[in-house]
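Could you slot chain V onto chain F? The hints should help.
Going line by line, the protein sequences match chains F and V. Last residue of the first sequence: number 311 in my numbering, and the count goes up by one each step with no gaps. Last residue of the second sequence: number 311 in my numbering, and the count goes up by one each step with no gaps.
Worth double-checking, as some hints may not be accurate.
Treat identical chains as interchangeable: a pair holds within one or across any two.
What the hints assert, rightly or not - Calculated pairs, DSS-like style, for lysine-lysine (alpha carbon to alpha carbon, straight line, at most 30 Å):
(1) Lys180 - Lys286
(2) Lys225 - Lys5
(3) Lys107 - Lys286
(4) Lys202 - Lys180
(5) Lys91 - Lys253
(6) Lys91 - Lys286
(7) Lys228 - Lys284
(8) Lys277 - Lys91
(9) Lys202 - Lys151
(10) Lys151 - Lys107
(11) Lys56 - Lys5
(12) Lys193 - Lys272
Note that these hints are calculated values from the structure, not bench results.
2 protein chains.
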Amino acid sequence: MKKLAAGIDIGGTNILLGLVNEKGEITERTSWKTTSFTLPEDWVISACSFIQEKLSHYPDVTFIGVGIGAPNGNVHSGSIEHAPNMPWKGIVPLASMFENNLSCKAVLTNDANAAALGEMLFGAAKNCRHFLYITLGTGLGSGIVVDGKLVYGHDGFAGEIGHVILFPDGRPCGCGRKGCVETYCSATAIKTTYAEIRQKNALPAIPDADAKYIYQRAINGEKEAKQAFQQTGEWLGLVLANSVAYTSPEKIILFGGLTQAGDLLMNPVKQSFEKNLLQNYKNKVAITCSSLPENDAALLGAASLVLQS
Amino acid sequence: MKKLAAGIDIGGTNILLGLVNEKGEITERTSWKTTSFTLPEDWVISACSFIQEKLSHYPDVTFIGVGIGAPNGNVHSGSIEHAPNMPWKGIVPLASMFENNLSCKAVLTNDANAAALGEMLFGAAKNCRHFLYITLGTGLGSGIVVDGKLVYGHDGFAGEIGHVILFPDGRPCGCGRKGCVETYCSATAIKTTYAEIRQKNALPAIPDADAKYIYQRAINGEKEAKQAFQQTGEWLGLVLANSVAYTSPEKIILFGGLTQAGDLLMNPVKQSFEKNLLQNYKNKVAITCSSLPENDAALLGAASLVLQS
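Pulled out of the complex, with its shape left as it was, chain F reads as follows (with noise of 0.2 Å):
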């Protein structure tokens, strides 16, 4: 009998909601604006009414479960955890509310652990046993697999390069410290030093200058789109050099819509990783984008924490 998974990716901006089979092809899906909905428990509702709606359309098919992925998603809990970047503050037992409703199987994880998952089974990381996995979003996520598994860690909370502080005192964070990674490589951080690059150039403020707006104009030749760039693709391979340390990688893959920029991005991310990379790892790690299509991967990597199993 065919089976399918209910994969849910949460981020801060939007949740996708997907149905699963195990050739990783998504046969139905939706999605909601995270904001719309302030308390969790609502969201619940309309997602497990959208689950129950189309899988009365697959009588032949065994449905196995839900898997999440979600930033601050603690695996042994099956909690979302005092997310800074989420409405939903606090502790948010999600996996247990879909147990409740749908009386299946639900897994819950960090949704950078999630969309690891997913390249793992699906995409650039297949038949790779050790790698880094970063997300450049609203803010950058992280998943680590050693040796063909996630770390997840004491407490289920592993892989939060993003809070990693790059320097300290400084850019304020959203976890209510300053000068973690993501304030200065991710989405958000990006529209920060563009803003600072056009500050110290005495250049007038663009207030509604996001990435893509910046890339437009670095493409187009402005000097401090590019520099903005430039210096993010630096502290990103700093960061990466440095991560390298730890785990010792074969691959890092990147994912996001940042990744978009292509060489604008990667070039500066690929010089700055190999100038600051000790000299054991150097020529050893390749640094690649996701390939599966973008807002798949954790979606994918979710239905995957329950498919799998």
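Using the frame of chain F, we list chain V on its own:
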């Protein structure tokens, strides 16, 4: 039949060798100055002679092989590879040298990895499945244990926290780069820190002041010596907090001469650690010192490389 293994702990200054039984008891031991041997081959001959001579006193015992902990030790190749603080340069295939000389099994790994293994089998990390092991000596070594296993990574070189870049363009490091953690947090580093503080306060330099001497002056109430430990502890606390974000350990175990400074080092380490931890990890991670005799952790761990298999 009883078993014995040879455990060897190679450092930049000393080499320790012991015969170790299955209870973790060292029944025979010797040591050398590392710099006494320009060629590693000469030392291997001395080491093999010692092992063979001592084994002749144990006719009823099975010798199961040689375990070696060494700086930049690569478990996959059994070689020391480009160790910055060693007199032996390039690639030194020690495991195969012992295999050839003694016709036995030989396993080599990073010295800090070996010490971590010793601590897991016989010391402060017993029954602990997720921990970081930090050695504070000439440099800063580290072993990372995830789910009860040492992390070796793709190429066998995982766990080089001492060569994470803490301050870009900072202090020159033996590895050829600048700003590495071990240039700020190690027995060598505190000498530089102390000298810098004295210089800043317009005090004369004390050329031979080592960590022990600085400790004595701090105990005697000297402000600059106390500041050197305070500053070293603050840096180390930050590094450890950042490291938790990778593998989310239950414990961090500190080892090495510098830990004998006790509260003078540990108080600022713990304060800085909790201050710099991401909310998710706060009050969850214990920092303790090794419970093994100072010089034996790496030797016992090295022996464990063959004893446990």
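Here is what the structure says about each hint:
Taking identical chains as interchangeable, the C-alpha atoms of lysine 180 and lysine 286 lie at most 30 Å apart only when they sit on different chains, with a minimum of 21 Å there against 32 Å within one chain. Taking the shortest alpha-carbon separations for lysine 225 and lysine 5, neither the intra-copy value of 52 Å nor the inter-copy value of 69 Å comes in at or below 30 Å. In the homo-oligomer, the alpha carbons of lysine 107 and lysine 286 lie at most 30 Å apart only across protomers (28 Å), although the nearest pairing inside one protomer, at 40 Å, exceeds that limit. Proximity of lysine 202 and lysine 180 under a CA criterion of 30 Å is satisfied in both settings, with 22 Å inside one chain copy and 27 Å between copies.
Taking CA atoms no more than 30 Å apart as the test, lysine 91 paired with lysine 253 passes between copies only; the shortest distance there is 28 Å, against 34 Å inside one copy. Within a single copy, lysine 91 and lysine 286 get their C-alpha atoms only as close as 41 Å, which misses the 30 Å cut-off; across copies the closest is 20 Å, which meets it. Taking the shortest Cα distances, lysine 228 and lysine 284 sit within 30 Å of each other inside one copy (27 Å), while across copies they are farther apart (39 Å). For the identical chains of this complex, lysine 277 and lysine 91 are inter-copy neighbours only, at 22 Å across copies versus 40 Å inside a copy, given an alpha-carbon limit of 30 Å.
Within a single copy, lysine 202 and lysine 151 get their C-alpha atoms no closer than 45 Å, and across copies no closer than 49 Å, so neither meets the 30 Å cut-off. Taking identical chains as interchangeable, the C-alpha atoms of lysine 151 and lysine 107 lie at most 30 Å apart whether they share a chain (21 Å) or sit on different chains (29 Å). In this homomeric assembly, lysine 56 and lysine 5 come within 30 Å of each other (Cα to Cα) only inside a single copy, at 14 Å, whereas the closest approach across copies is 64 Å. For the homomeric pair lysine 193 and lysine 272, the shortest alpha-carbon distance inside one copy (21 Å) is at most 30 Å, but the shortest distance between copies (35 Å) is not.
Going down the numbered hints, you'll see the structure goes against 2, 9, while the others check out.
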